[in-house]
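**Q** Protein chains in written order, with my numbering: chain S, 18 to 606; chain A, 645 to 729.
Just so you know, these hints were derived from the structure itself, not from any lab.
Please note that the accuracy of each hint is not assured.
[To be verified] One side only, chain S facing chain A, incomplete, derived with CB under 7 Å:
#1 Val49
#2 Pro110
#3 Gln140
#4 Arg262
#5 Val266
#6 Arg361
#7 Ile464
#8 Pro546
[What the hints assert, rightly or not] As a list, the in silico DMTMM-like pairs of lysine to aspartate or glutamate whose alpha-carbon atoms are at most 25 Å apart:
#9 Lys551/S <-> Asp705/A
#10 Lys157/S <-> Asp705/A
#11 Lys655/A <-> Asp488/S
#12 Lys47/S <-> Glu299/S
#13 Lys292/S <-> Glu697/A
#14 Lys551/S <-> Asp682/A
#15 Lys47/S <-> Asp700/A
#16 Lys294/S <-> Glu697/A
#17 Lys551/S <-> Asp153/S
#18 Lys292/S <-> Asp700/A
#19 Lys47/S <-> Glu696/A
Owing to the predicted nature of the structure, the values given are computational and were not obtained by experimental measurement.
Just so it is clear, CB atoms sit at the ideal spot from N, CA and C, and this is done for glycine as well.
The chain contents come next:
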Amino acid sequence: MASKYPTLAAALANIGNDYPENGFTFQNMKGVETTLTFTEIEKETAKRAAGLQDHGLRPGDRLGLIVIEPEDFVLTFLAATRVGVVPVPLYPPMSMGGLDAYAERTAKVLETAGAKLLAASSQLQNILWGLVDQVDSLRKLVKVEELGNTDETPVYPEVKPDDICFLQYTSGSTSDPKGVIVTHATLRANTDAILGPAGLDSDPKKDRGCSWLPLYHDMGLIGFVIGPLMWGIPIVFIPALRFLRRTSVWLDAIHRHRASISFAPPFAYSLAARKAKPADIEKWDLSSMKAFGVGAEPISAAGLREFNETFAPCKLKPEAIMAAYGMAEATLAIGLTPVRDLMRTRTVDSAAFQENGNAKEASNGSATLEHVSCGPAFPEHEIKIAGENGDWLDDASEGEICVRGPSITPGYFQNEEATREAFQDGWLRTGDLGYLVDGEVYVTGRIKDLIILNGRNIHPQSIEWAVTDVDGVRKGNVVAFSVPGDRTEEVVVVAEVRGVERDEVSKAIRDAVHSAIGITLGDVVCLGPGMLPKTSSGKLQRRKARQLYLTDGLGRQGSRAPGSTGKLTLARHVAKSLFTRARTITARN
Amino acid sequence: MTDDEIIALLKKALAEVAPGRTADFDKITLEATIDDLDLDSISTMEMVGYLEEQVDALFPDEELAKVKKLADLAALMRGSRVNVA
Chain S
18 MASKYPTLAA ALANIGNDYP ENGFTFQNMK GVETTLTFTE IEKETAKRAA GLQDHGLRPG
78 DRLGLIVIEP EDFVLTFLAA TRVGVVPVPL YPPMSMGGLD AYAERTAKVL ETAGAKLLAA
138 SSQLQNILWG LVDQVDSLRK LVKVEELGNT DETPVYPEVK PDDICFLQYT SGSTSDPKGV
198 IVTHATLRAN TDAILGPAGL DSDPKKDRGC SWLPLYHDMG LIGFVIGPLM WGIPIVFIPA
258 LRFLRRTSVW LDAIHRHRAS ISFAPPFAYS LAARKAKPAD IEKWDLSSMK AFGVGAEPIS
318 AAGLREFNET FAPCKLKPEA IMAAYGMAEA TLAIGLTPVR DLMRTRTVDS AAFQENGNAK
378 EASNGSATLE HVSCGPAFPE HEIKIAGENG DWLDDASEGE ICVRGPSITP GYFQNEEATR
438 EAFQDGWLRT GDLGYLVDGE VYVTGRIKDL IILNGRNIHP QSIEWAVTDV DGVRKGNVVA
498 FSVPGDRTEE VVVVAEVRGV ERDEVSKAIR DAVHSAIGIT LGDVVCLGPG MLPKTSSGKL
558 QRRKARQLYL TDGLGRQGSR APGSTGKLTL ARHVAKSLFT RARTITARN
Chain A
645 MTDDEIIALL KKALAEVAPG RTADFDKITL EATIDDLDLD SISTMEMVGY LEEQVDALFP
705 DEELAKVKKL ADLAALMRGS RVNVA
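Using the sequences provided together with the hints, build the complete structure.
**A** So, in structure tokens, the structure goes:
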């Protein structure tokens, strides 16, 4: 099965006739739920579309969107796409502190997109009004709630499959954000692949999605707004901030609505398992779930097994766990384990894999690594693995994951250079490392960060994971990289630590790395909280840390200056986990 | 709520989201910044959720965005807005 409609605009105009019972249910911050049928969504988006035209927006014009309430966000986003206006979704300021850095990044994105109008929640107007002066192309800031207050009817232009539907800004670097072009055609190709028989095998009459994912990024927006609209699948939306404050609302909504599809990054599964109360576990029935999708970060099989075990009493089917891999440049997904299949993992020989990227099955007694399958390529898509000299590699050999097919972006908005770098002979070079076995893709890391020690390839992540559990180390605030040593490369670990017993912590870090990976560290640096360099989206910057280490500047970059927050804000954390995958093809430069 | 009551509640919230670190929070004052607590962002939001439940309120997102010190959180717990200097 595939969507009947060639564009999102066409689906919006008609899907209510196909499935008059279905629609979107929005939970607000207090948990009160409002449902709009697809027919009501058609009417409301028509009003807002007229409002956008009243403000002078024409097909192809870009519209910045910074909206807190999911309902307002969805309706305005969809309204724009009906009249060919190109929305640029941005995340709202969400956590304590960090407003200056937020404004800087937001201005840069709006400028790169050449946004003409910014529509924002009324309560954000005070925080955002300064952007109109900062961004040349920006003519005004309007309250998103007032867009529908018009008696006009919109004039619908012809919207073609190859037209730009919206721009997805990847986390990239703050100074150089890149807008991935999403067309109606790439959207349709990708959502059909995800929802079709090779993916979720969805049926709008039986399925119901439930999501707390932020809607200003691909997994929430394409996975739970656009795909379901193209197909007519009902969805329940929970505000991301509500989930983070009251974790139980996610599984509770799934239980109450008998939902069958949800997606989240790995951290959400650990959090849900950790916070579940016995009374909830006793009450919840999760047997309706056919897909708990997991993606956006490297997937640890152990964390998912824990989730499965915790919620087994809720009749959770173990095969519901669905590992997924994707990136903004591929619209959303590149691969996922087909519905009804159990999560598949491979246990590979650690030494052979680290030394020459040979992902052979482990034999008895050797140290092992566990890799999770993210399924085969979608129909009409291909995945291949490129070696360092560009040759295609055989099965179980690690190299750069390359993809092609109808889901892949035509490029970055008004950025030919970045587009040229991302593609080679029609293949998108993902910048991710992985291998294929029997056509299924196993994602193992990022190219640029790979540490090569005595000819052995070591993923910094494997070192960081070994260190993150050491007592006194701030979880997740560890980077590993290599530097030139006297005779060979040396591996350095930099960790943010609590307390003052740094010598003890250093020793514990060395021991942990030695026992987990079998290497001796060249140096260990312990920093105070917030001292590690991070990108605007909260990703640790290994390269920056390395550069600072080499120039003796680590811990002196003033990230604890008064008023600035050196820590992960919530926005950054959500960004960190949701956007790791959108990470910057550019990072290879 | 008095300052003492608020500090007691903050300590309970911190014990909830960062068990095992009670010693770190023993001497906190309302002048401490959110940064000083050294929580990750998920724990920070868990703490906010706990405080909201205790005072039976929902802190507006745009007000939370302005919070820097515990005193700012205290203002929200007392039902007033954050005063940005």
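**Q** Does each hint hold? Answer for all of them.
**A** Cross-check of the supplied hints:
no. : hint                  : verdict
1   : Val49                 : violated (11 Å)
2   : Pro110                : holds (4 Å)
3   : Gln140                : holds (4 Å)
4   : Arg262                : holds (3 Å)
5   : Val266                : violated (10 Å)
6   : Arg361                : violated (29 Å)
7   : Ile464                : violated (27 Å)
8   : Pro546                : holds (5 Å)
9   : Lys551/S <-> Asp705/A : holds (24 Å)
10  : Lys157/S <-> Asp705/A : holds (23 Å)
11  : Lys655/A <-> Asp488/S : holds (22 Å)
12  : Lys47/S <-> Glu299/S  : holds (24 Å)
13  : Lys292/S <-> Glu697/A : holds (15 Å)
14  : Lys551/S <-> Asp682/A : holds (16 Å)
15  : Lys47/S <-> Asp700/A  : holds (11 Å)
16  : Lys294/S <-> Glu697/A : holds (16 Å)
17  : Lys551/S <-> Asp153/S : violated (28 Å)
18  : Lys292/S <-> Asp700/A : holds (20 Å)
19  : Lys47/S <-> Glu696/A  : holds (11 Å)
Against the hints set out earlier in the document, violations occur for numbers 1, 5, 6, 7, 17.
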